[in-house]
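K.L.:
Now for the letters of each chain:
There are 4 protein chains.
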Amino acid sequence: MWLRTSCDLTFDITVPTPFILMLRPRSGAQQWIAHEEYKLTPNVPVFEFTDSYGNLCQRLVAPLGIFSIHTIADVITADNVDQAPGAPFVEIQNLPDTVLSYLLPSRYCESEKFSEMATSITSGQQLGYNQVSAIETWLRNTIRYEPGSSDVPISAVEVNSRQSGVCRDLSHLGIALCRSLSIPARLVVGYLYDLEPMDLHAWFEAYVAGRWYTFDATQSDLKGGYVAIGYGRDAADVAVYNQFGPPVYPMEKNVEVQLIEKEEV
Amino acid sequence: MWLRTSCDLTFDITVPTPFILMLRPRSGAQQWIAHEEYKLTPNVPVFEFTDSYGNLCQRLVAPLGIFSIHTIADVITADNVDQAPGAPFVEIQNLPDTVLSYLLPSRYCESEKFSEMATSITSGQQLGYNQVSAIETWLRNTIRYEPGSSDVPISAVEVNSRQSGVCRDLSHLGIALCRSLSIPARLVVGYLYDLEPMDLHAWFEAYVAGRWYTFDATQSDLKGGYVAIGYGRDAADVAVYNQFGPPVYPMEKNVEVQLIEKEEV
Amino acid sequence: MWLRTSCDLTFDITVPTPFILMLRPRSGAQQWIAHEEYKLTPNVPVFEFTDSYGNLCQRLVAPLGIFSIHTIADVITADNVDQAPGAPFVEIQNLPDTVLSYLLPSRYCESEKFSEMATSITSGQQLGYNQVSAIETWLRNTIRYEPGSSDVPISAVEVNSRQSGVCRDLSHLGIALCRSLSIPARLVVGYLYDLEPMDLHAWFEAYVAGRWYTFDATQSDLKGGYVAIGYGRDAADVAVYNQFGPPVYPMEKNVEVQLIEKEEV
Amino acid sequence: MWLRTSCDLTFDITVPTPFILMLRPRSGAQQWIAHEEYKLTPNVPVFEFTDSYGNLCQRLVAPLGIFSIHTIADVITADNVDQAPGAPFVEIQNLPDTVLSYLLPSRYCESEKFSEMATSITSGQQLGYNQVSAIETWLRNTIRYEPGSSDVPISAVEVNSRQSGVCRDLSHLGIALCRSLSIPARLVVGYLYDLEPMDLHAWFEAYVAGRWYTFDATQSDLKGGYVAIGYGRDAADVAVYNQFGPPVYPMEKNVEVQLIEKEEV
Chain A
-12 MWLRTSCDLT
-2 FDITVPTPFI
8 LMLRPRSGAQ
18 QWIAHEEYKL
28 TPNVPVFEFT
38 DSYGNLCQRL
48 VAPLGIFSIH
58 TIADVITADN
68 VDQAPGAPFV
78 EIQNLPDTVL
88 SYLLPSRYCE
98 SEKFSEMATS
108 ITSGQQLGYN
118 QVSAIETWLR
128 NTIRYEPGSS
138 DVPISAVEVN
148 SRQSGVCRDL
158 SHLGIALCRS
168 LSIPARLVVG
178 YLYDLEPMDL
188 HAWFEAYVAG
198 RWYTFDATQS
208 DLKGGYVAIG
218 YGRDAADVAV
228 YNQFGPPVYP
238 MEKNVEVQLI
248 EKEEV
Chain B
-12 MWLRTSCDLT
-2 FDITVPTPFI
8 LMLRPRSGAQ
18 QWIAHEEYKL
28 TPNVPVFEFT
38 DSYGNLCQRL
48 VAPLGIFSIH
58 TIADVITADN
68 VDQAPGAPFV
78 EIQNLPDTVL
88 SYLLPSRYCE
98 SEKFSEMATS
108 ITSGQQLGYN
118 QVSAIETWLR
128 NTIRYEPGSS
138 DVPISAVEVN
148 SRQSGVCRDL
158 SHLGIALCRS
168 LSIPARLVVG
178 YLYDLEPMDL
188 HAWFEAYVAG
198 RWYTFDATQS
208 DLKGGYVAIG
218 YGRDAADVAV
228 YNQFGPPVYP
238 MEKNVEVQLI
248 EKEEV
Chain C
-12 MWLRTSCDLT
-2 FDITVPTPFI
8 LMLRPRSGAQ
18 QWIAHEEYKL
28 TPNVPVFEFT
38 DSYGNLCQRL
48 VAPLGIFSIH
58 TIADVITADN
68 VDQAPGAPFV
78 EIQNLPDTVL
88 SYLLPSRYCE
98 SEKFSEMATS
108 ITSGQQLGYN
118 QVSAIETWLR
128 NTIRYEPGSS
138 DVPISAVEVN
148 SRQSGVCRDL
158 SHLGIALCRS
168 LSIPARLVVG
178 YLYDLEPMDL
188 HAWFEAYVAG
198 RWYTFDATQS
208 DLKGGYVAIG
218 YGRDAADVAV
228 YNQFGPPVYP
238 MEKNVEVQLI
248 EKEEV
Chain D
-12 MWLRTSCDLT
-2 FDITVPTPFI
8 LMLRPRSGAQ
18 QWIAHEEYKL
28 TPNVPVFEFT
38 DSYGNLCQRL
48 VAPLGIFSIH
58 TIADVITADN
68 VDQAPGAPFV
78 EIQNLPDTVL
88 SYLLPSRYCE
98 SEKFSEMATS
108 ITSGQQLGYN
118 QVSAIETWLR
128 NTIRYEPGSS
138 DVPISAVEVN
148 SRQSGVCRDL
158 SHLGIALCRS
168 LSIPARLVVG
178 YLYDLEPMDL
188 HAWFEAYVAG
198 RWYTFDATQS
208 DLKGGYVAIG
218 YGRDAADVAV
228 YNQFGPPVYP
238 MEKNVEVQLI
248 EKEEV
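As you go down the protein sequences, you meet chains A, B, C and D in turn.
Using our numbering, the letters of the first sequence correspond one by one to residues -12 to 252.
Using our numbering, the letters of the second sequence correspond one by one to residues -12 to 252.
Using our numbering, the letters of the third sequence correspond one by one to residues -12 to 252.
Using our numbering, the letters of the fourth sequence correspond one by one to residues -12 to 252.
Treat the hints with care, as some may be off.
The list treats identical chains as one, so a pair stands whether inside a single copy or across any two.
[Said to hold, decoys possible] In silico lysine to aspartate or glutamate, EDC-like type, Cα no more than 16 Å apart, as pairs:
#  : residue 1 : residue 2
1  : K240      : D186
2  : K26       : E251
3  : K100      : E145
4  : K210      : E183
5  : K210      : E78
6  : K210      : E239
7  : K26       : E250
8  : K240      : E250
9  : K249      : D66
10 : K100      : D138
11 : K26       : E248
12 : K240      : D138
13 : K210      : D66
14 : K249      : D69
15 : K249      : D208
16 : K100      : E239
17 : K249      : D(-5)
Hint data in this document are derived by calculation from the structure and do not stem from the laboratory.
Produce the complete structure using the sequences and hints provided.
P.N.:
Here you go:
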């Protein structure tokens, strides 16, 4: 399906503030960006680089006053998310080198603490996709999804203790559970068509049978319409913006995802 | 200045043909892409990756029939190219690791054969920027620039023997001369505002005083208006398209660079 | 000074166990490995790769029975650690891209929680090296260094609450404090000559004035004799060994660091 | 089999000379280094880095006077080289991104000029391994292998015109022929047990059926005993040493490869 995604952010800057933005979706295996806008007002010098996860990041210093970021992308993405019940676990020794770091604990995914819990949740499941699927179902049924309830990422341990969280938080717990079973897992930040209420979204991917599969415990079933902006070990690696110095919050934030016709692109 | 660049290519494909395209300019230190379109007709699956030079490359298989590629970018780029007469040579031992490969000979820059010639051309010059500047001037005065005269890249040795060439060929000779003096040099492919006749363009950069500087022997003086698409050791690394299987040539190729107002972006 | 370092590990393996080892010190700016041994008994197939921090990692599956790892390196390393009182803070916008990830919170360094505390500890200090130095002194005077007290890494928050820890734990707190001040900081694991009691060691580095500087709150003053094995954001990234499946602990572990004469190498 | 390889180089340096050495074999899929020595006399500061092909490179400035390099490695390597008649060609669109650059022409492998010749040599062969095998056989029967005949690399075109060359030269022609058929191919420099006369050696690898396979037209049949030091597109990328400034040649060069017992390591 063709989607038009947009994200607008406006800040009131009181001291010149270094930012690292991650707002340029990359064309990749799953999606193709046919049209893109990325505007800054006022127009300041920007340096773009690729981080160690392959994300495109934009560095700049926001000047005093109103600073706004306006991005639009027309993207073709899959109508349906690939699912693969029965897809097998990959033995550690057979994982590609580049996937290994997604087995380690990270800031918000204290995977070393979830071994027993993950074993119990996935009890009786075939190793691999079905284990992750059982984790997703368990999250969906157990952890209350409360969109918009928090701005600060919380870790898997905290999510598990609160028994509720935003999309990112549920993903953190899902990732920690996967990694504790030696299944590589990573966080994805991006857009989802028809998300209610509309906002930036986060979900997770697990590596089984030689590739990454999408999981999302916030949705009752896995439909298509995902547009990825960034990948990382957890929310510490994939912030839509990182800002340094005294904290600054967006005065305005507007996210939209519309279905479009190919002809409109 | 704000520029709108476009490149359209149309092929008549008679057997399904794998392509690697390099047609997405990257936002970087020197330029910022505020608006971009990248359309393929028909719309086939594309996989984008970053090559070892940091270029964004697009892989696809062109299907039978008419296949067209349409790209547009609105870019802000410098009004003037930085120049730095007197900027010093960087001793090999002080070069960053990532720059070292630009000292080696490559497919179209047989730098190991130009040591004497480069020494003679740069005789009396201060080591560094001024040597490269002398090479650029020598190329401008010696090698006839014949735009459109050739489609196949030729190497520094061949350019020197023919005493003429297209922009890419002059750059190859410039690069080989620089490297023979232990100055890292690389090829850049992209657009140039006001280029006569308008086409895709190629120029070269040399690394002195801790950064890359732009040189272009095809222009009588260095103005601004450059938009880089790709960087590499020579034309073997930076082809706007690489195609595999029986050779296919564009039926149509249209390149444009317009000056625009910021408001039009 | 020339040092001979050795680390021997012996495991009793009851199910075939995938390991990722990080036991090969790299030759680099600070140290040169003139002689090295790396033996596995029994001798199993090993695959070596470079992780995203530049560490050499060795992957293998340990077979049933006694499995031992024996490593020796003869290394030249600095007699004194570079110190640079007054070396300035690097503005975020001037940091190299590759250093940016060392500003983010990580598994054991919850830097987003230490902003006030770091400001208070470094109050009155010149921005940069002196701030890190004040953090190091504060750690030395405040957090009890209890070598050998723990095998499991603990995070900066936990270290701060316990007010004691092993070398790795003190480093985690030091790193979190630095990052909260926007100073990039990383963990180093390796050897230290004359460490009491002898064991593998951990310390931290902070990036000021354009390079990494060494800090170690476990030593009363900074002498030379450091040999680095691995670098990372924290202990999650730099484990001497990561092991998957049911936990396995070394039956024997022996670490030695001897001063040698150049002639003995 | 266990091998002890050694390479000693001695230079008489008359002006301080920057060197980039590539003399540290890496442990990898095919070989494991259990013991290694790398000594420089006099002992100068060395900086080691990993190049874009994954090779470990050592940078240094050789001081005035006699400068010698002494390296030894005890390596376990396969008794036999894997062979796979019938292993299929990989379609361009299915090649991993990292392999694509080995399809392009490079300094000494002008692959774009060998299309017809390669088609004729491999006529009637199954696509993939058998094509490369036919190229290897053709090289063995057609191009005279003259070890020690040349110190300067020559390109595929020159080798084909001379109809003779050293190991590196034959490999260049083999690589160019493979690439012209869209089979990725790369040069390997290293040691070979029982090579006659003993010296550093070069061979080539081709990518078919999802992995790299070894080919060597200088040997009448493919035995084991290969120890790789470096990989690259051709000899421009994989020089055992690159030296800058006025040319310097080794006064002495001694290469040895001995079969050893595991117990001797």
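K.L.:
Hint by hint, note whether the structure agrees.
P.N.:
Checked hints:
1. Taking identical chains as interchangeable, the C-alpha atoms of K240 and D186 lie at most 16 Å apart only when both belong to the same chain, with a minimum of 9 Å there against 41 Å between chains.
2. Only between protomers do K26 and E251 lie at most 16 Å apart by alpha-carbon distance; the minimum there is 12 Å, versus 20 Å within a single protomer.
3. Taking the shortest alpha-carbon separations for K100 and E145, both the intra-copy value of 12 Å and the inter-copy value of 15 Å come in at or below 16 Å.
4. In this homomeric assembly, K210 and E183 come within 16 Å of each other (Cα to Cα) only inside a single copy, at 14 Å, whereas the closest approach across copies is 51 Å.
5. Taking the shortest Cα distances, K210 and E78 never come within 16 Å of each other, neither inside one copy (29 Å) nor across copies (32 Å).
6. In the homo-oligomer, the alpha carbons of K210 and E239 never lie at most 16 Å apart, since the shortest distance is 29 Å inside one protomer and 40 Å across protomers.
7. In this assembly of identical chains, the alpha carbons of K26 and E250 lie at most 16 Å apart only when taken from different copies (11 Å versus 24 Å within one copy).
8. Taking identical chains as interchangeable, the C-alpha atoms of K240 and E250 are never at most 16 Å apart, the minima being 28 Å within one chain and 23 Å between chains.
9. In this assembly of identical chains, the alpha carbons of K249 and D66 lie at most 16 Å apart only when taken from the same copy (14 Å versus 36 Å across copies).
10. Taking the closest pair of Cα atoms, K100 and D138 come within 16 Å of each other only across two copies (15 Å); inside a single copy the shortest separation is 24 Å, beyond that limit.
11. For a Cα distance limit of 16 Å, the shortest separation of K26 from E248 across copies, 14 Å, qualifies, whereas the shortest one inside one copy, 24 Å, does not.
12. For the identical chains of this complex, K240 and D138 are intra-copy neighbours only, at 13 Å inside a copy versus 45 Å across copies, given an alpha-carbon limit of 16 Å.
13. For a Cα distance limit of 16 Å, the shortest separation of K210 from D66 inside one copy, 7 Å, qualifies, whereas the shortest one across copies, 48 Å, does not.
14. For the homomeric pair K249 and D69, neither the shortest alpha-carbon distance inside one copy (22 Å) nor that between copies (42 Å) is at most 16 Å.
15. Taking identical chains as interchangeable, the C-alpha atoms of K249 and D208 are never at most 16 Å apart, the minima being 26 Å within one chain and 44 Å between chains.
16. Taking identical chains as interchangeable, the C-alpha atoms of K100 and E239 are never at most 16 Å apart, the minima being 38 Å within one chain and 26 Å between chains.
17. In this homomeric assembly, K249 and D(-5) never come within 16 Å of each other (Cα to Cα): the closest approach is 23 Å inside a single copy and 19 Å across copies.
Hint violations for this structure: numbers 5, 6, 8, 14, 15, 16, 17, all remaining hints satisfied.
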